[in-house]
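> Okay, here's what each chain looks like letter by letter:
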Amino acid sequence: MKRRSFVALPATAALAAPKYKTLTEAEAAIVIALTEAIIPADKDPGAKEAGVVQFIDTQLAGPLKRYRPRYRRELPIIDEACRAATGKPLALLQLSERTAFLEQVDKGEIAGGPFFQLIVDHTMQGFYGAPKHGGNRDAASWKMMGIEKAMGYHGGHR
Amino acid sequence: MRLDPVDAVVIGAGAGGGVVAKELAGAGFRVALLERGRLQKYSETGHDELRSQRTTVLGNAFGPDDERHLRLVRLGDDNEFRETLPSEGSYGNVAACVGGGTFSFGAMAWRFLEKDFRMRSTYGAPEGSTLEDWPIAYADLEPFYSKAEWEIGVSGKAGANPFEPPRSKPYPMPALPYSKEGSVLLTAAQRLQWHPFPIPMLINSVAYRGRPGCIRCPHCVGFACESHSKSSTAVTVIPEAVKTGLCDLRTECVAKEILTDGRGNASAVAYFQGSELREQPCRFVVVSASATESPRLLLNSKSRLHARGLGNNSDWVGRNLQGHAYSGAYGLFPQDLFDGLGPAACIAVCDFNHGNPGLRGGARMANEFIRLPYLFARSVRPPGAPRWGLAHKQFQRDRYKRCAGIKGPVQEMPVFTNRVEVEENRKDHWGIPVAKITGKRHPHDIEIGRFIAGRAAQWLEEAGAEQVWTTVAGKGSTGGQHQAGTCRMGNDPKTSVVDRTCRVHQTDNVYVVDGSVHVTNGGFNPALTILATAYWASHHIVSQQRKAQA
Ligand SMILES: Cc1cc2nc3c(=O)[nH]c(=O)nc-3n(C[C@H](O)[C@H](O)[C@H](O)COP(=O)(O)OP(=O)(O)OC[C@H]3O[C@@H](n4cnc5c(N)ncnc54)[C@H](O)[C@@H]3O)c2cc1C
Chain X
1 MKRRSFVALP ATAALAAPKY KTLTEAEAAI VIALTEAIIP ADKDPGAKEA
51 GVVQFIDTQL AGPLKRYRPR YRRELPIIDE ACRAATGKPL ALLQLSERTA
101 FLEQVDKGEI AGGPFFQLIV DHTMQGFYGA PKHGGNRDAA SWKMMGIEKA
151 MGYHGGHR
Chain D
159 MRLDPVDAVV IGAGAGGGVV AKELAGAGFR VALLERGRLQ KYSETGHDEL
209 RSQRTTVLGN AFGPDDERHL RLVRLGDDNE FRETLPSEGS YGNVAACVGG
259 GTFSFGAMAW RFLEKDFRMR STYGAPEGST LEDWPIAYAD LEPFYSKAEW
309 EIGVSGKAGA NPFEPPRSKP YPMPALPYSK EGSVLLTAAQ RLQWHPFPIP
359 MLINSVAYRG RPGCIRCPHC VGFACESHSK SSTAVTVIPE AVKTGLCDLR
409 TECVAKEILT DGRGNASAVA YFQGSELREQ PCRFVVVSAS ATESPRLLLN
459 SKSRLHARGL GNNSDWVGRN LQGHAYSGAY GLFPQDLFDG LGPAACIAVC
509 DFNHGNPGLR GGARMANEFI RLPYLFARSV RPPGAPRWGL AHKQFQRDRY
559 KRCAGIKGPV QEMPVFTNRV EVEENRKDHW GIPVAKITGK RHPHDIEIGR
609 FIAGRAAQWL EEAGAEQVWT TVAGKGSTGG QHQAGTCRMG NDPKTSVVDR
659 TCRVHQTDNV YVVDGSVHVT NGGFNPALTI LATAYWASHH IVSQQRKAQA
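Protein chains in written order, with my numbering: chain X, 1 to 158; chain D, 159 to 708.
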């Protein structure tokens, strides 16, 4: 790339840092919809509020990078399967309907079980692992379990 | 590059190698201690569950790394070997750092019982097993158990376990206190008329030998110790060895092979420092690289007189790989048991190590170390319980503090075809042929596992659990965390690899000193027995090699 063309980039594009390292916006929307159903919010935050999508996105650029091709390949497939079964993509489906759809996937009644189980595992890692990995924002899961002190969490990152 | 000669090269600065290095340097030998990993500090890794020694989903905090290492593994009924990385459970990783497994272990400090050294005479070998007696008895090892307890540092209550054989000395430190969960289990075991006692730990309960007492954080297993109270070899014998001025600890040095002379004795060790291949001439060699890496190194050390690998003329190197068939139970209680205090595992019984009707051996039973939140989510659920969704979350929130686990490391029947081989056609980063592991448990292990799981359930029910479920070991085994047995100790060179002093039968100057030499692996975590055997072997190596030098 020529130096001049770099300098000439429009200011807005240079400022708007991409939100994700590895996922596209469309992929991230599917991941958020899935993880929200895997650990939903109730009186305590769920995977969406705790930023599990950030965990998955960050780790797919690092230690979990071997799963990147699978995410790329299978996220559209599971979303398409949802559309075929319910008429809507995952992100536009009510949580209760999404959960019902994913229960069928999990049981093997609809294809995609192994990939869903992989995301379940990554969601657990993100939600229950250390906040510094991007997922367990403000130690939400540790506070929910009442163990933030035993986990050595005193605010900040750890 | 050929280096100036030393007396001894010790390969591996873990449990066995740490003790040997210190004993040899203390006796005046010049030692090169080679360790493939680094010297690590607590601050580098902290208490990060996803990068711990138990949960390696984001990598191995204590090594080895996925980039440079690989094994081929075939478990249970698998027909094919599968390429396996260190961060995958079936790799059977222990660690690659100064201190080896002891740097991040749980630190239970068990002596084996008398019968654990006489398994064949006590029970007879079941079909399909190479079950055998050790060529040494508990009484031979006893002074060295005591030495390990006093020099390295164990907390415990002597006499509290009525099944323990005689000991020459009490523990150097009092036992660590029972947790809230431990107190509940204590009275339940007493009501069952079992014999509960505090678990002996390689952890300072009070200040001892220059290190502070435990601060009672709950993160012993899988992590470095933030207060240096855990008695790993990295903070005890290894610094003492270095302090003599005679032990040169060389980290990030990967042993490739042992070179031999015209009579088949070791003359040097070839190792990589970075990408540079070095040759360290020596008078004798001690291999302490763990029960997978030690046989791999011997098998990769081929010469005219050791055409199938060093010490492998009878084809026993790498055979009889063992671990433990961990089995037990979980229980859900109406009240909170969790108090967040370490070491969490604190109470045990030895009522079921032996004398179980129709069974060969058994296991000590004890409450579990802390189950961190991710591991709890993945592995602690009653059968059929939802693994995700609102019900998952409610279980995690409401049950975590009300759950106790009792487990036992069931003694495995050694099997000749469970083994470590090397694969000439697959190389690691340094071009060294990788280890190839076959592990399929003997059916008797699973019978014992079921029995132990039943006793664990009984204990939890007596303690007031509302719901109890058992977990029994499966068919596949790699040795794993408690790997042992692959360079069997014995008097007959046709059916063992090393003699009773840990010297490789077909040589005058090659020793194996680590979990590999265990004939059987006891119903206990093995580290204290590895440490005691290392003191025993060191005692003999010093006298044999002094004689050889004279
Ligand atoms: C999570 C966990 C918890 C545990 N908890 C307990 C417990 O509570 N109680 C207990 O008794 N046991 C426990 N253990 C088991 C215990 O740690 C091991 O049994 C013990 O460390 C094995 O000792 P070793 O000398 O055979 O090998 P290691 O301690 O594994 O030492 C081998 C050393 O050799 C090095 N090495 C290997 N190959 C080479 C090479 N080619 N060149 C140079 N260096 C090399 C390795 O990096 C390592 O440092 C635990 C293990 C784990 C993983």
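Accuracy of the hints is not assured; some may be wrong.
To be verified - Below are the DSS-like pairs computed for lysine-lysine, each with C-alpha atoms no more than 25 Å apart in a straight line:
id, chain 1, residue 1, chain 2, residue 2
1, X, Lys149, D, Lys585
2, X, Lys149, D, Lys199
3, D, Lys559, X, Lys143
Claimed, not checked - According to the in silico footprint, chain D covers these stretches of chain X (three or more CB under 8 Å from chain D):
id, stretch
4, 22–36
5, 54–67
6, 74–82
7, 87–95
Said to hold, decoys possible - Examples of chain D residues toward chain X, derived with CB under 8 Å:
id, residue
8, Leu208
9, Gly217
10, Leu344
11, Asp473
12, Ala549
13, Phe553
It is worth saying that the hints were derived from the structure and are not from the lab.
Values in this document were obtained by computation on a predicted structure and should not be read as measured data.
Note that beta-carbon positions come from the ideal geometry of N, C-alpha and C, so glycine has one too.
> Next step is simple, just say for each hint if it's right about the structure.
Cross-check of the supplied hints:
| no. | hint | in the structure |
| --- | --- | --- |
| 1 | X:Lys149 / D:Lys585 | violated, 45 Å |
| 2 | X:Lys149 / D:Lys199 | holds, 22 Å |
| 3 | D:Lys559 / X:Lys143 | holds, 13 Å |
| 4 | 22–36 | violated (count 0) |
| 5 | 54–67 | holds (count 4) |
| 6 | 74–82 | violated (count 0) |
| 7 | 87–95 | violated (count 0) |
| 8 | Leu208 | holds, 4 Å |
| 9 | Gly217 | holds, 5 Å |
| 10 | Leu344 | violated, 22 Å |
| 11 | Asp473 | violated, 37 Å |
| 12 | Ala549 | violated, 10 Å |
| 13 | Phe553 | violated, 11 Å |
Consistency with the previously given hints fails for numbers 1, 4, 6, 7, 10, 11, 12 and 13, ordered from lowest to highest.
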